[in-house]
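Participant: When you get a sec, could you build the whole thing from the sequences and use the hints?
With full-length UniProt numbering, the residue at position 413 of the sequence shown is 413, and numbering never jumps.
All the pointers check out, no bait thrown in.
Pair ranges (Cβ atoms, derived):
1) Gln168 with Gln146: 20 to 26 Å
2) Asn665 with Asp323: 19 to 25 Å
3) Glu675 with Gly235: 30 to 36 Å
4) Gln460 with Pro136: 30 to 36 Å
In silico DSS-like links for lysine-lysine, alpha-carbon gap of 25 Å or less:
5) Lys272 with Lys686
6) Lys389 with Lys206
7) Lys294 with Lys269
8) Lys149 with Lys206
9) Lys429 with Lys87
10) Lys669 with Lys658
11) Lys662 with Lys467
12) Lys239 with Lys451
13) Lys329 with Lys272
14) Lys451 with Lys669
15) Lys271 with Lys329
16) Lys204 with Lys269
17) Lys359 with Lys269
18) Lys149 with Lys389
19) Lys98 with Lys149
20) Lys669 with Lys679
21) Lys467 with Lys648
22) Lys389 with Lys269
23) Lys183 with Lys161
24) Lys328 with Lys686
25) Lys679 with Lys329
26) Lys271 with Lys294
27) Lys272 with Lys206
28) Lys451 with Lys161
29) Lys328 with Lys269
30) Lys239 with Lys161
31) Lys204 with Lys294
32) Lys389 with Lys359
33) Lys662 with Lys652
34) Lys679 with Lys328
35) Lys272 with Lys359
36) Lys329 with Lys686
37) Lys294 with Lys359
38) Lys389 with Lys161
39) Lys183 with Lys206
40) Lys183 with Lys149
Simulated from the structure, these hints should not be mistaken for lab results.
All C-beta atoms, glycine included, are put in the ideal place defined by N, C-alpha and C.
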Amino acid sequence: SNFEAIRNEFAEKWRTLLETGGAGGGLSLSDPEQLHQTPRGTGGEGRRRRQHVDDSSDNDDCGGYGDGDDDSMTNSQLWFRGVRPSKFRHVYGLPTRKECCYTDISVVRSGNDGNFCAVNPTFLAIVTDTTFVVIPINQTGRIDFQCCKVIGHTGQILDLKWNPFDDQMIASASDDCSIKIWKIPEGGLTNNLSECTIELVGHKRKVMHVEWHPTAANVLISAGFDHLVCVWDIGNSEKPLLNVISCHVDMIYSLAVNRDGSLIATTSKDKKLRVIEPRSGIVVSEGVCHLGTKCSKAVFLDNNRILTTGFSRHSDRQFAVWDQHDLKKPLVQEVIDSSSGVVTPYFDYDTRMIYLAGKGDGNIRYYEVVDEPPYVYYLNQFLSGQPQKALGFMPKRGVTVSHCEVFRFYKLHAAGNICEPISMIVPRKSTLFQSDLYPDTLANVPAIGAKEWFSGRNVQPMLRSMKTGESILETTTQRRESKSVHHSSSKHNILNSLNGNHTNGTVNGTTPSMNGNYTNGNNQTTTTTTTTGSVVTNGNSAGGKNNKENEIDNRKFDNNTKKFAFLSQPTIPDYRPQSQIIEKSQKTSTNQSTKFHQLQAIFGQHQTANHKDIANLQNNLLSSSRNSSRNSSLENINLLNSENELRKAFNKQSDEIKSLRKSLNNSEKRVRELEAEVKRLQMQLKH
Numbered sequence: 001s002n003f004e005a006i007r008n009e010f011a012e013k014w015r016t017l018l019e020t021g022g023a024g025g026g027l028s029l030s031d032p033e034q035l036h037q038t039p040r041g042t043g044g045e046g047r048r049r050r051q052h053v054d055d056s057s058d059n060d061d062c063g064g065y066g067d068g069d070d071d072s073m074t075n076s077q078l079w080f081r082g083v084r085p086s087k088f089r090h091v092y093g094l095p096t097r098k099e100c101c102y103t104d105i106s107v108v109r110s111g112n113d114g115n116f117c118a119v120n121p122t123f124l125a126i127v128t129d130t131t132f133v134v135i136p137i138n139q140t141g142r143i144d145f146q147c148c149k150v151i152g153h154t155g156q157i158l159d160l161k162w163n164p165f166d167d168q169m170i171a172s173a174s175d176d177c178s179i180k181i182w183k184i185p186e187g188g189l190t191n192n193l194s195e196c197t198i199e200l201v202g203h204k205r206k207v208m209h210v211e212w213h214p215t216a217a218n219v220l221i222s223a224g225f226d227h228l229v230c231v232w233d234i235g236n237s238e239k240p241l242l243n244v245i246s247c248h249v250d251m252i253y254s255l256a257v258n259r260d261g262s263l264i265a266t267t268s269k270d271k272k273l274r275v276i277e278p279r280s281g282i283v284v285s286e287g288v289c290h291l292g293t294k295c296s297k298a299v300f301l302d303n304n305r306i307l308t309t310g311f312s313r314h315s316d317r318q319f320a321v322w323d324q325h326d327l328k329k330p331l332v333q334e335v336i337d338s339s340s341g342v343v344t345p346y347f348d349y350d351t352r353m354i355y356l357a358g359k360g361d362g363n364i365r366y367y368e369v370v371d372e373p374p375y376v377y378y379l380n381q382f383l384s385g386q387p388q389k390a391l392g393f394m395p396k397r398g399v400t401v402s403h404c405e406v407f408r409f410y411k412l413h414a415a416g417n418i419c420e421p422i423s424m425i426v427p428r429k430s431t432l433f434q435s436d437l438y439p440d441t442l443a444n445v446p447a448i449g450a451k452e453w454f455s456g457r458n459v460q461p462m463l464r465s466m467k468t469g470e471s472i473l474e475t476t477t478q479r480r481e482s483k484s485v486h487h488s489s490s491k492h493n494i495l496n497s498l499n500g501n502h503t504n505g506t507v508n509g510t511t512p513s514m515n516g517n518y519t520n521g522n523n524q525t526t527t528t529t530t531t532t533g534s535v536v537t538n539g540n541s542a543g544g545k546n547n548k549e550n551e552i553d554n555r556k557f558d559n560n561t562k563k564f565a566f567l568s569q570p571t572i573p574d575y576r577p578q579s580q581i582i583e584k585s586q587k588t589s590t591n592q593s594t595k596f597h598q599l600q601a602i603f604g605q606h607q608t609a610n611h612k613d614i615a616n617l618q619n620n621l622l623s624s625s626r627n628s629s630r631n632s633s634l635e636n637i638n639l640l641n642s643e644n645e646l647r648k649a650f651n652k653q654s655d656e657i658k659s660l661r662k663s664l665n666n667s668e669k670r671v672r673e674l675e676a677e678v679k680r681l682q683m684q685l686k687h
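Facilitator: Below is the structure:
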């Protein structure tokens, strides 16, 4: 009804305007249908009204709608036809309050476009000039940067990068032609650090860019003002320089590494984009990317494509998407605006969002990457009144999952000594874990070593779950083995306690002593004190990881003691009231009955012939739990063990199927890459 009232009001105004001769569109007032059309332009192509979609210009945004209007659509559907559905449509940037920022930092006043801010889940590093400060990530507010500096370079620092596999190791590139590797203490700096762990000398002029390899340990790639790209193995103290790539003829503007580290991409002053194999130095493909003379940047996407930012011939800022195997012509190229600051791209592999931030700008634009044309969709932008000097970004394993935070920038203000965190958030009502926003992300564990990678092997990076924090490819087998060992030891301990053999064996690697204490293999004494309904364990150790592991083992033993306290009367007296014991027995019988029903539902197709035996066994289980006798308890334990064995077998088969599917997908992907490479080489031979 509101829409009809607005339309009638507009029609009345249009009629009045035509009667006064102000429009002169040649419309006939006797035909009311013509009031719903706009006068034709000089080009002869009539345009639709505002509530309809111009398919020639907005066909991509409307998600493939046809040219014709659907009369069955409601007015609200007509208004929102051109909106492309996306779960990241409403992502917004949330700046941090001033008390949670890092203030009083002497930010470098350089005109270079280097990376002056580096972040990981433990530390924040900011370049001040020839030094940089390292701040614990939780230490916000006013910073006394005079006492936490890293001093060692004689020239201005141009780039900083944290080791993705070691949160305490950072690489710095400087104007003094050197690269230095620093090891930050675990708790942070208490005094200035002046001694580096490793110094890499190989460039003849200043070093502009450094990048860590995403899958291989101790591999670093650098690009210098001497037009050289160097590949380093920092684990080899005698000969750290693995390869020198000298295919560039002019200054290198940017350096990027793809997901598995098999290719690198560079942009240079000669306006060319190059894709290079870093171990051999072979240029896989090259082409002219942006025609402007200013700096251009490149970043790898996740679908064998590259996104570049640069300037047009008329100094308009623009970005382009390329096929990494064919750089002769971009897949798509768009103009951003006419500002003068260099635009740096930041790509999030997990959400497939690309962020574009310009130096001196106060906004951050973000887009969504897709596999079909136009390959990049504009989403929105974060606006602020403070221009940015540089930006650092937090790895995905450091974001706050409960706030639905998908990305986090650390913004260095151009006017003011402030570093401000900016969170990119997907609005969700629930604070529970959102599996669609957080797929498995990069883990801080290397997949291969430097020698293995340099010999020619490419592997995908290790992943970790954002929900549990465990490395996916590493801990599946180990977790299964540790569970089986723990269950077998628990079963052995329970049977020993039931048979009265509790004084002759060891429990979880601990030996009982005469005074009720347990002594483990590391001479750590654990005192067990039994109170009403609880068992408290106090451990005194000499410190270290072994002691922590022993404490965990002791906690596991205590949990088993609590769980089976009613079965071990000869060893651990039970001081609970009789009513509490009866209530606990009833709850145990109910839980066992529920588990039995679940097992029957899961594996019922294999046990259709034994319904009567199952019913009899269930009745025996319930009656035996009420009697609380020792023999019936043993039967319950055997039933639980059979349940655990079935679950172990099922989980083992599921893991094997997943690993086989993943290896099959990797093999198919590798075959496609090899076929494309063979075709490319054949084309080169023909020409």
